[in-house]
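**Student:** Letter by letter, the chains look like this.
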Amino acid sequence: MKLKDIAIDNIKRRKSKMVFIILGMVIGIATIVTIVKATQAATADIERKLDEYGANIMVLPKSNTLSMSYGGISIPGAQYDIQEIQQTELSRIWTIENRENLSMVSPKVLGSADIDGTRILVVGTDLATEIKLKKWWNFTENSNIELTRKELPSPIDPNRTITETTIKDLQDRDVILGHNVAEKLKKKVGDHLNLVKGNTMYEVGVRGILNETGSQDDSIIFMSLPIAQTLLSKEGKITLVEVAALCAGCPVEEMARQINTAIPNGKATPIKQVVAQKMETIQHISNFGLGLGIIILAIGSLIVFTTMMASVNDRVREIGIFRAIGFRRSHIMKIIFLEAFILSIAAGVIGLVIGLGVSIIVGNTLGEFNMQLLADPVLALTAILTAIIVSIGATIYPAFKASKIDPADALRHI
Amino acid sequence: MIRFNNVSRYYSVGEETVKALDGVTFKIDKGDFISISGPSGSGKSTLLSILGILNTPSRGEVIIDDINVYELPPEERADFRSDYIGFIFQAFQLIPYLTALENVMLPLAISPITRKAQEKMAKDVLKQVGLATKFNKLPNQLSGGEIQRVAIARAIVNEPDILLADELTGNLDSKNAEEVMKLIVHLNELGKTIVMVTHEENIAGYARRNLQLFDGRLTNGSTKLQGVLK
Numbered sequence: 001m002k003l004k005d006i007a008i009d010n011i012k013r014r015k016s017k018m019v020f021i022i023l024g025m026v027i028g029i030a031t032i033v034t035i036v037k038a039t040q041a042a043t044a045d046i047e048r049k050l051d052e053y054g055a056n057i058m059v060l061p062k063s064n065t066l067s068m069s070y071g072g073i074s075i076p077g078a079q080y081d082i083q084e085i086q087q088t089e090l091s092r093i094w095t096i097e098n099r100e101n102l103s104m105v106s107p108k109v110l111g112s113a114d115i116d117g118t119r120i121l122v123v124g125t126d127l128a129t130e131i132k133l134k135k136w137w138n139f140t141e142n143s144n145i146e147l148t149r150k151e152l153p154s155p156i157d158p159n160r161t162i163t164e165t166t167i168k169d170l171q172d173r174d175v176i177l178g179h180n181v182a183e184k185l186k187k188k189v190g191d192h193l194n195l196v197k198g199n200t201m202y203e204v205g206v207r208g209i210l211n212e213t214g215s216q217d218d219s220i221i222f223m224s225l226p227i228a229q230t231l232l233s234k235e236g237k238i239t240l241v242e243v244a245a246l247c248a249g250c251p252v253e254e255m256a257r258q259i260n261t262a263i264p265n266g267k268a269t270p271i272k273q274v275v276a277q278k279m280e281t282i283q284h285i286s287n288f289g290l291g292l293g294i295i296i297l298a299i300g301s302l303i304v305f306t307t308m309m310a311s312v313n314d315r316v317r318e319i320g321i322f323r324a325i326g327f328r329r330s331h332i333m334k335i336i337f338l339e340a341f342i343l344s345i346a347a348g349v350i351g352l353v354i355g356l357g358v359s360i361i362v363g364n365t366l367g368e369f370n371m372q373l374l375a376d377p378v379l380a381l382t383a384i385l386t387a388i389i390v391s392i393g394a395t396i397y398p399a400f401k402a403s404k405i406d407p408a409d410a411l412r413h414i
Numbered sequence: 001m002i003r004f005n006n007v008s009r010y011y012s013v014g015e016e017t018v019k020a021l022d023g024v025t026f027k028i029d030k031g032d033f034i035s036i037s038g039p040s041g042s043g044k045s046t047l048l049s050i051l052g053i054l055n056t057p058s059r060g061e062v063i064i065d066d067i068n069v070y071e072l073p074p075e076e077r078a079d080f081r082s083d084y085i086g087f088i089f090q091a092f093q094l095i096p097y098l099t100a101l102e103n104v105m106l107p108l109a110i111s112p113i114t115r116k117a118q119e120k121m122a123k124d125v126l127k128q129v130g131l132a133t134k135f136n137k138l139p140n141q142l143s144g145g146e147i148q149r150v151a152i153a154r155a156i157v158n159e160p161d162i163l164l165a166d167e168l169t170g171n172l173d174s175k176n177a178e179e180v181m182k183l184i185v186h187l188n189e190l191g192k193t194i195v196m197v198t199h200e201e202n203i204a205g206y207a208r209r210n211l212q213l214f215d216g217r218l219t220n221g222s223t224k225l226q227g228v229l230k
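Quick note, the sequences are listed as chains A and S, same order.
First residue of the first sequence: 1, per the numbering used here; consecutive thereafter.
First residue of the second sequence: 1, per the numbering used here; consecutive thereafter.
Be careful, since some hints might not be right.
[Unchecked claim] Chain A is nowhere near these chain S residues, computed Cβ spacing over 12 Å in every case:
1. Glu71
2. Ser111
3. Lys182
[Unchecked claim] Lysine-lysine pairs mimicking DSS-like chemistry, simulated, CA-CA at most 25 Å apart:
4. Lys12(A) <-> Lys137(S)
5. Lys4(A) <-> Lys19(S)
6. Lys134(S) <-> Lys12(A)
7. Lys2(A) <-> Lys127(S)
8. Lys2(A) <-> Lys137(S)
9. Lys27(S) <-> Lys4(A)
10. Lys234(A) <-> Lys62(A)
11. Lys2(A) <-> Lys116(S)
12. Lys15(A) <-> Lys137(S)
13. Lys334(A) <-> Lys116(S)
14. Lys134(S) <-> Lys2(A)
15. Lys123(S) <-> Lys4(A)
16. Lys137(S) <-> Lys4(A)
17. Lys116(S) <-> Lys12(A)
18. Lys2(A) <-> Lys27(S)
It is worth saying that the hints were derived from the structure and are not from the lab.
Note that the Cβ used here is the ideal one computed from N, Cα and C, for glycine as well.
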């Protein structure tokens, strides 16, 4: 028989009280785990979307004031058809101090054009670059785009990957149709479109049709930059520039500042700033949830404290006997702490499992996050350590009180 | 050897001071068998608890084997108690949720002895007190006499030199009381020093000497008893 056996016997003997202690702790731990997991998933989801979106910086003409949406993310202060960046200025982007972090620069011209009697949003850009940027694009089966994508380790951040995209034989006269555009114009791959500009007609070929993306890309016709500039009478002008940086953690704010200096007419905005509000909302919810979890844990620790105090008061006689047969004060404290320790481990593990379960259910039903039960040793360790610290903390006074029980007094009551 | 030198223990009750023990001096030789008797409130249990290093005297000194035990730091007193003293209480004081075997193993829980060795030691003493078939019985499954024998086994399992017994037959019928006292006498014959508090004359008769207490004072010093071992 060892002290731990005495502690375990006590736990077994006071099952209902111990279940009460565990329950208080479990609710607190489960709440915190749920909130942490949900926040992690929401943050990862936004980061994933940001990564998928590719461009980390959007460069817009400085004077634009109206808002527009791109990639499902609102970019304040943009209005096309009003003012453009000069194409000749763009080469300066490659001169910024952090140019080694630049992955792609994709200038675009935007405007609406009458195509086969329908007003359609035209985006003129380098199609190969655009396909590289839009990693989530998929083309219909018969699309004539030989596209290979390979995941390679990022040269800057070894924990991340970059996608290397190879496209074969794209021509200046090739266009890519959004899903809705193809349906509206009743065009398929290989068909031709006649683009009319005044008395001049340009014939372009449909090289690819996008599978439905659910974004504004479905309603856009993508074509080469020079053709679009001519069609929209914007020769040498750029509506916006998407800049892809090579890493998620690179200094995009600093890069945006450098681009602003390099292109005085443009206003470079890190996409991160655009999603900052989303992140802030998540952070607020997370803080609220963590606060709630801490309050529940505080209540849990109070339950531990009162139950342990009651347990010590119930066991005055028993502790008196222990002391009479030679147990030190430290032995008594050790028994009480061992009980709290065992219970807290149980509470930590149960709270962790419940928290993970709830986070998956909540994440997959209420949210749109892809919650998965992934091994997270840091979270597991933190949950169990939190339970241990709270339980042991709440048991300090009861254990101290137990150790101070005077055996002579205790045995006098025998 | 145990020496009580002018030991007093005072308690404050409201504004009054009660002298539970008042200047008690005596000596007990190694291997002696002493009974302490006296009316209720005479200080018998206080004397026993002071001797058991559980109750610090207000005055005087208690010396066991040349060690002034109340000068030891508190944790060392606990160690000394564990090494030198075994307690047998009137109300048995077994832990109700532990079996007879586990109750006897309890004093060994703080020792570095392995669980297997503990079990062997506990079984040996339980056999010694005649409970070879009751290892796994809970206290509520045992008779009064058996419970007291488990308590005796627990008191001697770590082989202390001194056994302190407080009214150890108080809750037993005469037959069980006799059985228990025979066991105590046997332990004394094996060399244990025994100090026993009792108010029963026939039980006191088992001891070699009797200390009579009245109002916290020794009234007869150390009387050689005429009682015969039964």
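**Student:** Determine for every hint whether it applies to the structure shown.
**Tutor:** Each hint, compared with the structure:
Chain A leaves Glu71(S) outside its interface by the beta-carbon criterion, the shortest separation being 17 Å against a cut-off of 12 Å. Here Ser111(S) does not stay apart from chain A, with its beta-carbon only about 9 Å from theirs, under the 12 Å limit. For Lys182(S), the shortest C-beta to C-beta distance to chain A comes to about 24 Å, beyond the 12 Å cut-off, and the non-interface label holds. Simply put, Lys12(A) and Lys137(S) have alpha-carbon atoms about 18 Å apart, close enough for the 25 Å limit, and the pair holds.
Restraint check for Lys4(A) and Lys19(S): not satisfied, since their Cα atoms lie roughly 41 Å apart, outside the 25 Å limit. Restraint check for Lys134(S) and Lys12(A): satisfied, since their Cα atoms lie roughly 23 Å apart, inside the 25 Å limit. The hinted pair formed by Lys2(A) and Lys127(S) meets the criterion: a straight-line CA distance of about 22 Å does not exceed 25 Å. About 20 Å separates the Cα atoms of Lys2(A) and Lys137(S), which keeps this hinted pair within 25 Å; it holds.
For the proposed pair Lys27(S) and Lys4(A), the alpha carbon gap of about 40 Å is over 25 Å, so the pair is violated. As the CA atoms of Lys234(A) and Lys62(A) are separated by approximately 17 Å, the hinted pair is consistent with the 25 Å bound. Of the pairs offered as hints, the one joining Lys2(A) and Lys116(S) holds, with about 11 Å between alpha carbons and a cut-off of 25 Å not exceeded. Simply put, Lys15(A) and Lys137(S) have alpha-carbon atoms about 22 Å apart, close enough for the 25 Å limit, and the pair holds.
With a CA separation close to 22 Å, the supplied pair Lys334(A) and Lys116(S) stays within the 25 Å bound. Taking the CA atoms of Lys134(S) and Lys2(A), the gap is near 21 Å; set against the 25 Å cutoff, the hint holds. As the CA atoms of Lys123(S) and Lys4(A) are separated by approximately 21 Å, the hinted pair is consistent with the 25 Å bound. Restraint check: the Cα-Cα separation between Lys137(S) and Lys4(A) comes to about 21 Å, which is no more than 25 Å; the hinted pair holds.
Restraint check for Lys116(S) and Lys12(A): the C-alpha separation of about 23 Å stays at or below 25 Å, so the hint holds. A hinted pair counts as satisfied when its Cα atoms are at most 25 Å apart, and Lys2(A) with Lys27(S) does not qualify at roughly 37 Å.
When the structure is compared with the earlier hints, violations turn up for hints 2, 5, 9 and 18 and for no others.
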